[in-house]
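Taken in sequence, the protein lines are chains P and B.
The numbers in my numbering rise by one with no breaks, and the one at position 285 of the first sequence is 285.
The numbers in my numbering rise by one with no breaks, and the one at position 171 of the second sequence is 171.
Be aware that a few hints might be false.
As the list claims (entries may be wrong) - Below 27 Å or equal to it, Euclidean Cα-Cα: the simulated DSS-like pairs (lysine-lysine) are:
id: 1; chain 1: P; residue 1: K89; chain 2: P; residue 2: K107
id: 2; chain 1: B; residue 1: K226; chain 2: P; residue 2: K82
id: 3; chain 1: B; residue 1: K226; chain 2: P; residue 2: K126
Source of the hints: derived by calculation from the structure; they are not laboratory data.
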Amino acid sequence: MTDVLNVRDLNVSFALHESEVHAVRELGFDLRQGETLAVVGESGSGKSQSFLAIMGLLAKNGRATGSARMGDVELVGMAPGKLDAYRGKDIAMIFQDPMTSLNPSLKVKTQLAEVLVKHQGYSLDKAIKESIAMLDRVGIPAPERRANAYPHELSGGMRQRVMIAMALLCRPKILIADEPTTALDVTVQAQMLDLFKELTNDFGTALVMITHNLGVVAGLADRMMVMYGGRAVETGTVDELFYDPRHPYTLGLLSSTPNPESRARRLNPISGLPPSLEHLPEGCSFNPRCAFRFDRCLVERPPLEPVGEGQRRKACFYEGPLVAEERSA
Amino acid sequence: MLTYVLRRLASIIPVAFIAVTACFFILRLAPGGPFDQERALPPAILRNLRAAYDLDQPLVIQYFIYIGRLLRGDLGPSMVVQDFTVSQLLALGLPFSLMLGLFAFVIATVAGIAAGTIAAVNQNKWPDYVLVLVVMIGLIIPNFLMGSILQLVFGVYLRWLPAGGWQNGSMAHLVMPVIVLAWPHAARISRLMRGSMIEVLGSNYVRTAKAKGLGERLVLSRHAIKPALIPVVSYLGPGLSYLLTGSLIVEQIFSLPGIGRYFINAALSRDYGLVLGTVILYMAIILVLNLLVDLAYAWLDPKVRYR
Ligand SMILES: Nc1ncnc2c1ncn2[C@@H]1O[C@H](COP(=O)(O)OP(=O)(O)OP(=O)(O)O)[C@@H](O)[C@H]1O
Ligand SMILES: [Mg+2]
Numbered sequence: 001m002t003d004v005l006n007v008r009d010l011n012v013s014f015a016l017h018e019s020e021v022h023a024v025r026e027l028g029f030d031l032r033q034g035e036t037l038a039v040v041g042e043s044g045s046g047k048s049q050s051f052l053a054i055m056g057l058l059a060k061n062g063r064a065t066g067s068a069r070m071g072d073v074e075l076v077g078m079a080p081g082k083l084d085a086y087r088g089k090d091i092a093m094i095f096q097d098p099m100t101s102l103n104p105s106l107k108v109k110t111q112l113a114e115v116l117v118k119h120q121g122y123s124l125d126k127a128i129k130e131s132i133a134m135l136d137r138v139g140i141p142a143p144e145r146r147a148n149a150y151p152h153e154l155s156g157g158m159r160q161r162v163m164i165a166m167a168l169l170c171r172p173k174i175l176i177a178d179e180p181t182t183a184l185d186v187t188v189q190a191q192m193l194d195l196f197k198e199l200t201n202d203f204g205t206a207l208v209m210i211t212h213n214l215g216v217v218a219g220l221a222d223r224m225m226v227m228y229g230g231r232a233v234e235t236g237t238v239d240e241l242f243y244d245p246r247h248p249y250t251l252g253l254l255s256s257t258p259n260p261e262s263r264a265r266r267l268n269p270i271s272g273l274p275p276s277l278e279h280l281p282e283g284c285s286f287n288p289r290c291a292f293r294f295d296r297c298l299v300e301r302p303p304l305e306p307v308g309e310g311q312r313r314k315a316c317f318y319e320g321p322l323v324a325e326e327r328s329a
Numbered sequence: 001m002l003t004y005v006l007r008r009l010a011s012i013i014p015v016a017f018i019a020v021t022a023c024f025f026i027l028r029l030a031p032g033g034p035f036d037q038e039r040a041l042p043p044a045i046l047r048n049l050r051a052a053y054d055l056d057q058p059l060v061i062q063y064f065i066y067i068g069r070l071l072r073g074d075l076g077p078s079m080v081v082q083d084f085t086v087s088q089l090l091a092l093g094l095p096f097s098l099m100l101g102l103f104a105f106v107i108a109t110v111a112g113i114a115a116g117t118i119a120a121v122n123q124n125k126w127p128d129y130v131l132v133l134v135v136m137i138g139l140i141i142p143n144f145l146m147g148s149i150l151q152l153v154f155g156v157y158l159r160w161l162p163a164g165g166w167q168n169g170s171m172a173h174l175v176m177p178v179i180v181l182a183w184p185h186a187a188r189i190s191r192l193m194r195g196s197m198i199e200v201l202g203s204n205y206v207r208t209a210k211a212k213g214l215g216e217r218l219v220l221s222r223h224a225i226k227p228a229l230i231p232v233v234s235y236l237g238p239g240l241s242y243l244l245t246g247s248l249i250v251e252q253i254f255s256l257p258g259i260g261r262y263f264i265n266a267a268l269s270r271d272y273g274l275v276l277g278t279v280i281l282y283m284a285i286i287l288v289l290n291l292l293v294d295l296a297y298a299w300l301d302p303k304v305r306y307r
C-alpha cells in the first residue's frame, strides 16, 4: 500500500514573551492510503498542534520545522498561498467544536459550495447541487432545506455532519478529524463514527482520528500512535497496542479506560500529572510517573525504535513484561 | 419585517414626546428671553411682542399651544429671525447639513472599517501602531480646536484649501469640515472594528475557512468582515448622534450655511422655537437612522430575527 503522508522530524514551537514552548518534538509517522490512524494522548500532548502544523494553521506565534510530505509535495514551510491549492482539496480537517466551527453569518450551502467553486472550478449552481447531494450522503434529512439554513438553526450533530460533508466534498486523500465527537451526545457519537467509517471507506480517504477515547480507537482505527509530552511514544496496529502494550504510558491509558476487552480489572488512572512542556524531565519525559523506570530512564531519552519485526515502535528502555496489576507507584 | 418596522416607528412616538417635553421646559429654565437686548425695548412694544408669540401665557398653556401646533406639523415662527418660520429656516439649512453629515458619516464609516481591518490583519506591526496614533489624535483633540488648527495650517499658511465659507459651492470648501467631523467618528469605528476583527480572525470558523484553502482574500471578505461588523453597526446609531451634534459646531467654525449656523445663534439669543425645531429635526433624523441601523443587523447576524 502506498503512503499518502510521510512525516519526519516534525517540531512545533510557540514563541512566548521571553521563552519558547516546544509542543511537538521529532514527530515521525507514515499514513497509508485509506487507512485509519488514531492519535491518542492526554490533553496537551501535542496531538492537535502536530496536525495544525501540517495544515499550516498554527497560531501566529507558532513555528513548524521538519517535513510532512504528501506524495512529493512538502507541506511544512509552504507559503499559505500555495498551501491553499491542497488544503480542503487533498487534505481536509474537521475540528472539535461543531458549534463554533461553522460561520454563523453564512448559509450552509454557501460554506459548502465555495469549496467546490475554489478547488474544482464549478459554477455556483453546480457546486450547490453537488453540496446538497453531499449533505444527503452524510445522512442529513431534507438536505435542500438544511442547505438554506444558517448554522444556528441546526443541532450539534447536524452541524458536525455538515462539517464532514464540507471536508469530503473534494474526496480528499487525507482527512484529519480532531476529536470530532467529543462535543456531541453519546448516541450521536456512535452514529458519527459509523459515518466516518463508511465515507472514508467509500472515498478511499485516509483518516487521522485524534481522540481521547480509546473506545473510538477500538471501533474505528487500524493503527494508532500514542503521544506523550509532544513525542510519539508508541505506534503500531490497534490490536498490538491494545492486547500487548509495550510502553508503560500506553498501558496506563488502557488501564484508565473502562473497556471490557482490556486486561485490567479495575480502573487504574495514571498517577501524577501530564508534564509541563516548559520543564520536561531529563531522560524519558514519562519517568516521573512510570512504575517501570530504572536508572537509564532518568538520564537518557529512549528513541522511538522498532519492536521486533513489522511496523511497531516504542520509545522505552524497559524490556520486561508490562502488567498493570504489578504497578507499584 | 414590515410589522417590525411599524412597531418600531410606533415606539418612537413616546420617546419623541418625552424628549420634546423635556427640551421645552429645560429651555425655559435658562435665564433670559428672546427679546432681551442691550438696550431694553419700550415696555409697550415688549408686551405686544410677548403677546404675539404667546409668551404672556402661563408656561403650561404655552406648552400645550406648542404641542398642538407640532401635531399639525407646524414648528411655529422664529422669534429672532423676523418674518421666517422655523420650518423655513430649517429647510434653508437642512440640505447643506444633510450633505455635510452624510459625507462625513459615509467617509468616516468606510475609512474606520478599512483602517480597523488593516490594523487587525497587521496586529502589532507598524500599520497597527500608526492607527493607534491617528485614533488618539482624533479622540483627544476637540472638533473646534481641530477645525482651527486645520484652518490655520491649510487655509492660512499653506493656502491649499479655503479656510471657510461656501461662496462658490466648490467641494474644496467641504474638505476640512468633513475631516474634522469624520475623524473622531472614524477613530471610534476603527477601534471597534480592530477589536472585533482580531477576535473573528482567531475564531474557529475562520480557522475552518483557512482549512478549506479559500485564500486570504476570500477568508477576509466572505468569512470575517460580516461577523466583525456586528459591534460596529451597533455603534453607528450613537456615533451618528455624536457626528450630527459635532456638525452644528463645525458649521459654525467654517461659516457654512447649514442648520448649525442658525442653531448656535438661536441658542444664544433664546429663540425658543428655532432651538426646539432644530432639536426635533435632529431627533427625527437620529431615530429614523437608528431604525435603519437595526435593520442592518438582520443582514449581518442571522440569529437576530425581526418579529
Ligand atoms: N498559541 C500557542 N502558544 C503557546 N502554546 C501553545 C499554543 N497553542 C498550543 N500551545 C501549547 O501546545 C501544547 C500542545 O497543545 P495541543 O493542542 O496539541 O494539545 P492536544 O494534545 O491536542 O490536547 P487536547 O487533547 O486538550 O486537545 C499545549 O501544552 C498548549 O499549551
Ligand atoms: Mg487538541
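Violations among the numbered hints, reported as their numbers in ascending order: No hint contradicted; all consistent.
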